[in-house]
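Visitor: Each chain, written out:
There are 2 protein chains.
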Amino acid sequence: MATPTERAPSNKMNRRVERSRHTVLATAFELLSEGGVARFTVDEVARRSGVAKTTIYRHWPTREALVIDACSQMITQQEAPDTGSLEGDVKAILMEIAHLLQTANWSFVLPSIIDTAERDPEFAEIHSRIQRGHAAPLREVLQRAAGRGELSAHADVSAIVALLLGPLFYRRWFSREPIDDQFLEAVIERALA
Amino acid sequence: MATPTERAPSNKMNRRVERSRHTVLATAFELLSEGGVARFTVDEVARRSGVAKTTIYRHWPTREALVIDACSQMITQQEAPDTGSLEGDVKAILMEIAHLLQTANWSFVLPSIIDTAERDPEFAEIHSRIQRGHAAPLREVLQRAAGRGELSAHADVSAIVALLLGPLFYRRWFSREPIDDQFLEAVIERALA
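Each protein sequence line maps, in turn, to chains U and P. Sequential numbering of the first sequence, starting at 1, is according to our numbering. Sequential numbering of the second sequence, starting at 1, is according to our numbering.
Any given hint might turn out to be false.
You can't tell identical chains apart in this list, so a pair holds if it fits in one copy or across any two.
Claimed, not checked - Straight line, CA to CA, 25 Å or less: simulated DMTMM-like cross-link-like pairs of lysine to aspartate or glutamate:
#: 1; residue 1: K12; residue 2: D82
#: 2; residue 1: K53; residue 2: E30
#: 3; residue 1: K12; residue 2: D181
#: 4; residue 1: K12; residue 2: E44
#: 5; residue 1: K91; residue 2: D156
#: 6; residue 1: K53; residue 2: D69
#: 7; residue 1: K12; residue 2: E150
#: 8; residue 1: K53; residue 2: E34
#: 9; residue 1: K53; residue 2: E122
#: 10; residue 1: K91; residue 2: E189
#: 11; residue 1: K12; residue 2: E87
#: 12; residue 1: K12; residue 2: E64
#: 13; residue 1: K12; residue 2: E177
#: 14; residue 1: K91; residue 2: E122
#: 15; residue 1: K53; residue 2: E150
#: 16; residue 1: K53; residue 2: D43
#: 17; residue 1: K53; residue 2: E118
Hints are computed from structural coordinates only; laboratory data are not their basis.
Input sequences plus hints: build the corresponding full structure.
Guide: Listed below in structure tokens is the structure:
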């Protein structure tokens, strides 16, 4: 077994490796936000992050591996709220998503990932995981509401999720109209009608 | 005034110019469908179309001008149906859009245009015109229904369009779930509730 003094340098090295990995991923994500997948280069990541290209290639053997790893950071899942009513839960989730759609870096990167996913199965898989993360809290509160009888047990949860998220995504990326409280109210009222 | 014999060669030349313009635009659109905006090159358009690069650059001084012109072909507007009822009109429009979303070349190109539009005002303008074309028939039948009292005069037409198109776009580009008749019925029923 290693003694503490023997272990110290290795821990220090691990921390340094971890720190540079983190720097590279953060820079990569920043670059993706600015220029999308197509304009992404390892050269530019190296230049901006100050991490040597050889070090970057030691962790990510190809440009694609780094892009995919940076995109994977977008796979997050909002925690499902529990306000006591389906409408309250849905409203809390949509307000949070509306806020993120208008402020989060991923909202600038997602069209590029979707575009790449149209032609590249590896990106289609990453996008599918990001997408499932976005839909998961709604699925959870809808299933919970069905469990306690607030929603019909025959309700088509996937269709309701599309009716709730679709109009918000439409306004963010297609019509570019504001997503305000009045709009959220209208969407929730109709989707849960 | 030019006599017919004098005009003939010029007409013939115009037809040839028109034909090569058409070939270049069709090839450009094909390339966009395959690789999106980012991978588009004039070299490849020249190679595939058989039209010389010098000829292409005579019509489109830059790569961007050609990409934008090719994307402009996507600006079309479905004719608004008139079935006699709002529900019938909306259903006819959504069935046509659902079909196009799953078959038309533009449905593969649109994410790339949206991605580029996030950063480029000229593409944002093209995308906005494509988008208005997609929404126009729904706006027309909704306004017509409001005119004859089938829809409240206070109804928020923009919100209803988002409620109708959003879920379809969501299934095509985000969740990649099928857009079947049952789904269309659910969307229409809720959006017009």
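Visitor: Against this structure, judge whether each hint is valid.
Guide: Results for each hint:
no. : hint       : result
1   : K12 x D82  : neither (42 Å within a copy, 73 Å between copies)
2   : K53 x E30  : within (17 Å within a copy, 36 Å between copies)
3   : K12 x D181 : neither (50 Å within a copy, 60 Å between copies)
4   : K12 x E44  : neither (27 Å within a copy, 51 Å between copies)
5   : K91 x D156 : both (19 Å within a copy, 20 Å between copies)
6   : K53 x D69  : within (16 Å within a copy, 39 Å between copies)
7   : K12 x E150 : neither (54 Å within a copy, 72 Å between copies)
8   : K53 x E34  : within (20 Å within a copy, 31 Å between copies)
9   : K53 x E122 : within (24 Å within a copy, 35 Å between copies)
10  : K91 x E189 : both (10 Å within a copy, 21 Å between copies)
11  : K12 x E87  : neither (50 Å within a copy, 67 Å between copies)
12  : K12 x E64  : neither (29 Å within a copy, 50 Å between copies)
13  : K12 x E177 : neither (50 Å within a copy, 48 Å between copies)
14  : K91 x E122 : neither (33 Å within a copy, 35 Å between copies)
15  : K53 x E150 : neither (56 Å within a copy, 65 Å between copies)
16  : K53 x D43  : within (7 Å within a copy, 31 Å between copies)
17  : K53 x E118 : neither (29 Å within a copy, 29 Å between copies)
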